[in-house]
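Below are the chains, spelled out letter by letter.
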Amino acid sequence: MKNTVLKCLKAGFIGLILLLLYAPILLLAVYSFDKTTLIGQFRGFSFVHYINLFTDSNVLGMIGNTLLLAVVAALLSTLLGTAGALGMYYCKKRVKGAMQALNQIPVINAEIVTALALTVTFVAVNLERSWFTLIIGHMVICTPFVVLSVMPKLKQMDGALYEAALDLGASPFKALMTVVLPQIIPGVVSGFMLAITLSLDDYIVTMYTRPTGFETISTYVYNATTKGNAHTAITLSSFWALTTIIFLVIVLFVVCSNLVGRRKKEEK
Amino acid sequence: MKLPHFSRKTLCIPYGVFLLFFVVVPMLVILFYAFTDDAMHPSFENFVKFFSDPTKLSTIVYSLVIALVTTVVALLIAYPVAYILARSRIKRKYVILMLFVLPMWINFVLRVNAIRELFNLLTQVEAFEGLANANYFKTIFGMVYDFLPFMILPLYTTMTKIDNSLYEASADLGGSAFTTFTRVTLPLSMPGIMSGVTMVFLPSMTNYVVSDMLGNAKVTIIGKFIYTYFGNDWHMGSMIALILLIVVFLSTWLTGGFKADENVRGANL
Chain H
1 MKNTVLKCLK AGFIGLILLL LYAPILLLAV YSFDKTTLIG QFRGFSFVHY INLFTDSNVL
61 GMIGNTLLLA VVAALLSTLL GTAGALGMYY CKKRVKGAMQ ALNQIPVINA EIVTALALTV
121 TFVAVNLERS WFTLIIGHMV ICTPFVVLSV MPKLKQMDGA LYEAALDLGA SPFKALMTVV
181 LPQIIPGVVS GFMLAITLSL DDYIVTMYTR PTGFETISTY VYNATTKGNA HTAITLSSFW
241 ALTTIIFLVI VLFVVCSNLV GRRKKEEK
Chain S
1001 MKLPHFSRKT LCIPYGVFLL FFVVVPMLVI LFYAFTDDAM HPSFENFVKF FSDPTKLSTI
1061 VYSLVIALVT TVVALLIAYP VAYILARSRI KRKYVILMLF VLPMWINFVL RVNAIRELFN
1121 LLTQVEAFEG LANANYFKTI FGMVYDFLPF MILPLYTTMT KIDNSLYEAS ADLGGSAFTT
1181 FTRVTLPLSM PGIMSGVTMV FLPSMTNYVV SDMLGNAKVT IIGKFIYTYF GNDWHMGSMI
1241 ALILLIVVFL STWLTGGFKA DENVRGANL
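First to last, the sequence lines map onto chains H and S. The letter at position 239 of the first sequence is residue 239 when you use this note's numbering, and the numbering goes up by one with no holes. So the mapping is simple: this note's numbering equals the position in the second sequence, first residue as 1, plus 1000.
If we strip away everything but chain S, and leave its shape as in the complex, we get (with noise of 0.2 Å):
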């Protein structure tokens, strides 16, 4: 026999079966699975089960909320922090941008337990003593701090690509600053900010390790649902990831975040 002659496309073969094994065939696996009872006969229990339970209900719009919550803070804190820092005219301002992306390479679990350890030291004093029970602001305040270098970076990129002209034309016409912002900036910062947001918004929902060692374990966020299934009803479980699953991908493909050109994680780090 003589062996095949070596081409280029074979090389995505290992990587193809690997998808298919990994990625494609858990997917139908949870839809197999969300769709049956514990006999393995098809069922839709959960489907109902799920959209009448009010707890479960709940979770998912406190989850949103959060999400929500999150994202608008951190757009708020990034929005200025890359604005200035993509305006200004100070010649080292890439290190100012790396102190924001330093603390990222932190471990993540590291980073949430010295968040923990400052909101533990700040309810000794009597001031703050509050906090001890502010559940939803600590969860709050660890996201925010977790996803702000995703919401900074695309914003910054983005704001440094606007021509500088544009602004001068701008003021020539009469554009007050306010004016300028809002015909120019923001319109021209648009993309930034979709992809800022989808960075922060869908983790915010679904990593439940900062909403678990800040909140007490008080805040329960769809992620952490799907982890009280685990072990002990799979379909229920499976049943909850493919609900987010769907919202997940929902939301990317309102987004347009489907372009698979830009790495935008990636390109960033």
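Chain H on its own, in the form it takes in the complex (with noise of 0.2 Å):
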């Protein structure tokens, strides 16, 4: 008797929790489906903020500028970290110390010291800001997170068969990227995932950084709520519909991997 109410408790805690944690995106999830721009006012069934959110050129052009400075961040970050995190793990321990610490470095910093770092170093050299400085900003964020994704799968490595590699005649160009490079490759992609997720969430960098003119998701949507007008009022609630379809996209995912993970295991 004492167990079930126990066992009750337990599950009633962390539904309520999970409860909380999501409702905010469900109650966004409803009204994206009514025609208002208003929550709490039910208008009438509607797609009119998905109509919004694909015709508006507006709305449009921060989620291209969203999702391409993202992939542009990412890619370069990805291509920098891996490169760096191959040379640190085979320079002497006094360099790979100091790479590694320095590495540290962005990772612990507040976002903001770390803007406002890069922007005063802009302004002292005077250098405009443009495409140049946010891609700098945002892979100031993420390339160390891609470093410290592939490092454990360099330790993990086995090292004699890189030398194996060069015993067979492969120049030491070809067997870095024939044997080395697809042994870390499970790193160097969650790596990138990583800095996509980073530079898609980052608002903070972004503000500092970016050109005059250049709005993202989180720019945009920081802004018209903080010092909002009836124009952001239909702008904004065309973004409902989009938080809805993100939160769609990542459970099908998360339900699709779950279904794939489980086949192999009843394969196995």
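Source of the hints: derived by calculation from the structure; they are not laboratory data. All values reported here derive from a predicted model rather than from experimental measurement. Even glycine gets a Cβ: it sits at the ideal position worked out from N, Cα and C. Keep in mind that a hint or two might mislead.
[Claimed, not checked] Chain S residues, not near chain H, derived (Cβ > 12 Å throughout):
{"hint": "1", "residue": "Val1072"}
{"hint": "2", "residue": "Glu1117"}
{"hint": "3", "residue": "Thr1123"}
{"hint": "4", "residue": "Pro1149"}
{"hint": "5", "residue": "Ile1193"}
{"hint": "6", "residue": "Met1194"}
{"hint": "7", "residue": "Asp1212"}
[Unchecked claim] DSBU-like cross-link-like pairs, simulated, lysine-lysine; straight-line CA separation at most 30 Å:
{"hint": "8", "chain 1": "H", "residue 1": "Lys7", "chain 2": "S", "residue 2": "Lys1091"}
{"hint": "9", "chain 1": "S", "residue 1": "Lys1091", "chain 2": "H", "residue 2": "Lys2"}
{"hint": "10", "chain 1": "H", "residue 1": "Lys153", "chain 2": "H", "residue 2": "Lys264"}
{"hint": "11", "chain 1": "S", "residue 1": "Lys1161", "chain 2": "H", "residue 2": "Lys155"}
{"hint": "12", "chain 1": "S", "residue 1": "Lys1161", "chain 2": "H", "residue 2": "Lys7"}
{"hint": "13", "chain 1": "S", "residue 1": "Lys1056", "chain 2": "H", "residue 2": "Lys155"}
{"hint": "14", "chain 1": "H", "residue 1": "Lys174", "chain 2": "S", "residue 2": "Lys1161"}
{"hint": "15", "chain 1": "S", "residue 1": "Lys1093", "chain 2": "H", "residue 2": "Lys265"}
{"hint": "16", "chain 1": "S", "residue 1": "Lys1093", "chain 2": "H", "residue 2": "Lys153"}
{"hint": "17", "chain 1": "H", "residue 1": "Lys2", "chain 2": "S", "residue 2": "Lys1161"}
{"hint": "18", "chain 1": "S", "residue 1": "Lys1218", "chain 2": "H", "residue 2": "Lys10"}
{"hint": "19", "chain 1": "S", "residue 1": "Lys1218", "chain 2": "H", "residue 2": "Lys227"}
{"hint": "20", "chain 1": "S", "residue 1": "Lys1093", "chain 2": "H", "residue 2": "Lys264"}
{"hint": "21", "chain 1": "S", "residue 1": "Lys1056", "chain 2": "H", "residue 2": "Lys227"}
{"hint": "22", "chain 1": "H", "residue 1": "Lys174", "chain 2": "H", "residue 2": "Lys96"}
{"hint": "23", "chain 1": "S", "residue 1": "Lys1218", "chain 2": "H", "residue 2": "Lys7"}
{"hint": "24", "chain 1": "H", "residue 1": "Lys7", "chain 2": "H", "residue 2": "Lys93"}
{"hint": "25", "chain 1": "S", "residue 1": "Lys1161", "chain 2": "H", "residue 2": "Lys264"}
{"hint": "26", "chain 1": "S", "residue 1": "Lys1161", "chain 2": "H", "residue 2": "Lys153"}
{"hint": "27", "chain 1": "H", "residue 1": "Lys264", "chain 2": "S", "residue 2": "Lys1091"}
{"hint": "28", "chain 1": "S", "residue 1": "Lys1009", "chain 2": "H", "residue 2": "Lys93"}
{"hint": "29", "chain 1": "H", "residue 1": "Lys227", "chain 2": "S", "residue 2": "Lys1224"}
{"hint": "30", "chain 1": "H", "residue 1": "Lys265", "chain 2": "S", "residue 2": "Lys1161"}
{"hint": "31", "chain 1": "H", "residue 1": "Lys10", "chain 2": "S", "residue 2": "Lys1009"}
Using the supplied hints, reconstruct the complex from the two chains, each of which is provided in its own coordinate frame.
Here it is, written out as structure tokens:
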């Protein structure tokens, strides 16, 4: 008897926290299918926010900016970080230690300090804010995480394989590409994914390093909610639709990967 | 001229240069700006101004209190969740854990906006009218909401590593559930608590997106404070950033978070 009560309490607690976690998202999902631009007033079922989302050139521009920035910054970070991790791994202990310590700075630092320090530097050398400064800013926050996800894979690797490739006549570069790289690919991929999510989520660094007039989803929604007007209300409500879509995509992705994982297990 | 021989070590040069120019130099630049005046002469004026201005000091205290409350609330929610999940014998508890992490994949600002809309709706109900002005409550709710996964994941990871036989041994030796908790579970989950606390405490002191969007701009935390100097007084802004930098590094050092091998944030995603 005591056990069942305890079990119910536990399940209830988990359920309550999950409910709190999902309430805001579900609320937006429900209202995204309504004509209203004001939460709390139902005006009738409609796809108007979804239509806005996919036809308003302003909104599409912001989504495009966000995605393009994330992909470019993540690709460059992955290249730089993977090469950096490889080089560091084979360097002398002192160099390796120094670089690993420097690599930790942007990870630990408050994002606002990273952003301010970069911007002050750009101002000091009279560098106009542009796509260049923006991408540098994103690379500063993303690359350390790429290094951190590649490093453990390098440590797990069998060093003798590289030596064997050299003994069998491969050039160092070829050995690196055909022997080492395939072994660290999982780390590279997870580093890339991490870089994408960090860049997509970022507000603070973007705010500081962006060129004038450049808007991502984050900067627009932040500015519109803190200094909103009638026009922004319409755009903001099309972001309800976007939130819903992102949420559904994530849920689908998780369900699919779960199903695939289960099938793989059964095959074994 | 012969082409230099390719060495694996040369691969770290681009990243080394990048770190030098965009991580080391900026830190030196804010150090320089913090201790100079508008005419670029060395000056301790900003340092003195900072520590003699009551509004600046009270902002720091406010930020610390908000961050502390956020961390404690997040810990109080995350600890039981992680404990229940780690100790339960249900088959697919991984799925439940995923449910706690899922919302993190929605854009951060969109997520905060969703919370904002929820509060807007609640204030239309008479019983919750008071929420309209409960800026601190809303800010802390938003921060706990956003940073909760960073608390749950490290706790869950350390708790699943605790050997079940330890619990049994404690029970066999006559330990009550309470003793088992204080003598076995709590000490062994300490590393998880530590890494969770650092991952929640620091961002909640500096991430002003939440406090701005949910606190009606009435809640000023140290991150926002730096922003107000953006573009008009680089020297004061740099001084506050420098102080924040020192605080952050000191607290990371104290909690032993400098272990470069552990990709705490990455490994858990």
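Checklist line | Violations among the numbered hints | finding: 2, 3, 4, 7, 13, 14, 18, 23, 24, 31
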